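Asks: Residues per chain, in single letters:
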Amino acid sequence: MPYSHSQSLTLLTHAPAQPVKDLAEDILPHLGDIQVLVNRTGLVMLPYTDTATGTRFHLGEVLVSESRVRIEAGAEGYAVCLGRDLEQSMAIALLDAALQAGIRTSLIETFLAEQEQAQLAADDLLLRQVEATRVEMETF
Amino acid sequence: MYVAAKGGEQAIQNAEQFYGLLNGPLTLEAVRLIQERLPYLVDRVMGEGSLYSPELAALALAQTGGDLYEAVLLLRAYRATQPRIAYAQPASADRLLTVRRISASFKDIPGGQILGPSLDYSHRLLRLDVLDAASSDQRSATNQTEERAVNGTGATNGSHQLSAIRYPPEFTPAERPSPPNQPAVADWQRGQGLLPPTEPEQIDPAAIPDVTTDTVMFPAPRAHRLQALARADTGGTLALGYSVMRGYGMIHPTVNELRLGYAEVELTHPVTGAVFSAGRVKVSQCEVISPDHGEQGYMLGFAATLGWNEVKLIAASTLDMDMSAGGENPAHTEEFVMYHTEPVEASGFCIHFKLPHYVTFASGLDNIRKMLGAMGWDQGKTTETAAPAAESESKAEDGEQVEEAVL
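Protein chains in written order, with the working numbering: chain A, 1 to 140; chain B, 1001 to 1407.
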């Protein structure tokens, strides 16, 4: 598998919701009976690091949707993504389970490769915009 | 004294609908527009609401007509309905996808000065040309409509100036990207011996002190102080921070580092243990620095928040430094700062005074009248103004204590 589990989940959660849902719809008939273990919205607390003293503290909570499924092959898929779109997290959890069980992996990995390119391109554009604001300060 | 109330249900419903009528229809389009076009306002609501959800923050703003305290209250109330399902891996400055990082203390910081999205060095002039173009465009459209009415033609040859003005103007990105991560300026200073060495605290995120679940005691753990500042009211923080900057404090802050960026929300897969990012959230942080008159060369103040909110962070990090230094001024006192910059509690307590306090007031009035009577004041002169209160007193004496119209 060209992508690690961490990479594939990260690429899927960062991808636009609709293409992920469309892909999950395509994969769905190959997964057999599906057991939904978790499908809810909730909060993830984000700790942060104080650069003055190294203290960890809570910056605030992030609204997320969380899904966990078990497919007929026995694999469990899991996803958390930002926002309250439960269909999105469910789609990612199904794709995660399919990857764990080796179902339609080439199709999913093709999608991951496309997403990787798109996400790298978006970051590259953002960082080139950032670089255009670099300034050299002079004192008189 | 708070009492039950009855009557006026229709008036209350009408008042709410009148409020909505003046704010315009609450639509998905309005929410999307706020989310896309007012990101700094959305960030402020998320930071003070202590809940990262641009969509819900925009909805709260649309629903309240832009009343920030009402919007923050809505977000906090929604947050209270949701379970906390996980703790993310701690985020830190050196791992942020950084889009802005500046220092006012050192110009040649490692990684350089990146202005990022900023109006710092821009002219603060209203773009009246946008309005003029819109007016011109509207006049043009009106003229064309009139021409059609007169000539029966739909031909147009006027230029639409609206489409000619692009604001904000586009710019050309650099050939090469900026590094995604930038080192902390403080680490560079530590390497030069200007600041004492420090290491990130090693602690289970679930064990970090939390003001939303713990009883806050003073002196507060530093984690409580920084969390309280992260969710503090921008205006309140600015007022107290400004007070110490102006002179009710001993410290002149210099911004050591101001940073805007995106933090990954990293979670652990419950089955395989793989760590993955559930997405990125906007965060900002600020350090201020000042000479330490004690043993160390310099001391730092720090603050961070969800979303991008620079003025709050500069004020909050200044307050952090002042609170650490101590002093007699209220803004140097942890308890004073933390209690009085909590937006929901402060605004809630303030606006509760507009709710009926008739019994409380009548009670005081009764005492004043007795006192005036004992002093020989002729109450007959004030019969007209005293009448309504007398009625209220009568009800209270009858044991009804019915003050206002809710049911």
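Treat the hints with care, as some may be off.
Stretch-level coverage of chain A by chain B, calculated; a stretch enters the list once three of its residues show a Cβ under 8 Å from a Cβ in chain B [what the hints assert, rightly or not]:
id : segment
1  : 8 to 16
2  : 22 to 30
3  : 33 to 45
4  : 68 to 74
5  : 110 to 123
6  : 128 to 140
The hints are simulated quantities; they were obtained by calculation from the structure and are not laboratory data. Here the structure is a predicted model, which is why all the values come from computation and not from measurement. Where a beta carbon is used, it is the ideal one built from N, C-alpha and C, also for glycine.
Asks: Check, residue by residue, whether the segment 8 to 16 of chain A contains three or more positions whose beta-carbon lies closer than 8 Å to a beta-carbon of chain B, and give the verdict.
Replies: With 4 residues in contact (Cβ-Cβ under 8 Å with chain B), the coverage given for the segment 8 to 16 of chain A holds.
Asks: Count the residues of the segment 110 to 123 of chain A whose CB lies closer than 8 Å to any CB of chain B, then report whether that count reaches three.
Replies: violated (count 1)
Asks: Verify this for me: three or more residues of the segment 22 to 30 of chain A with a beta carbon less than 8 Å from a beta carbon of chain B.
Replies: violated (count 0)
Asks: Confirm or reject the coverage of the segment 33 to 45 of chain A by chain B under the rule of 3 or more residues with a beta carbon closer than 8 Å to the chain's beta carbons.
Replies: Answer holds; 6 residues pass the 8 Å Cβ test.
Asks: If you count the residues of the segment 68 to 74 of chain A with a beta-carbon closer than 8 Å to a beta-carbon of chain B, do you get 3 or more?
Replies: violated (count 1)
Asks: Three residues or more, CB to CB closer than 8 Å: is that satisfied between the segment 128 to 140 of chain A and chain B?
Replies: holds (count 12)
Hints 2, 4 and 5 from the list above are not met by this structure, while the remaining hints are.
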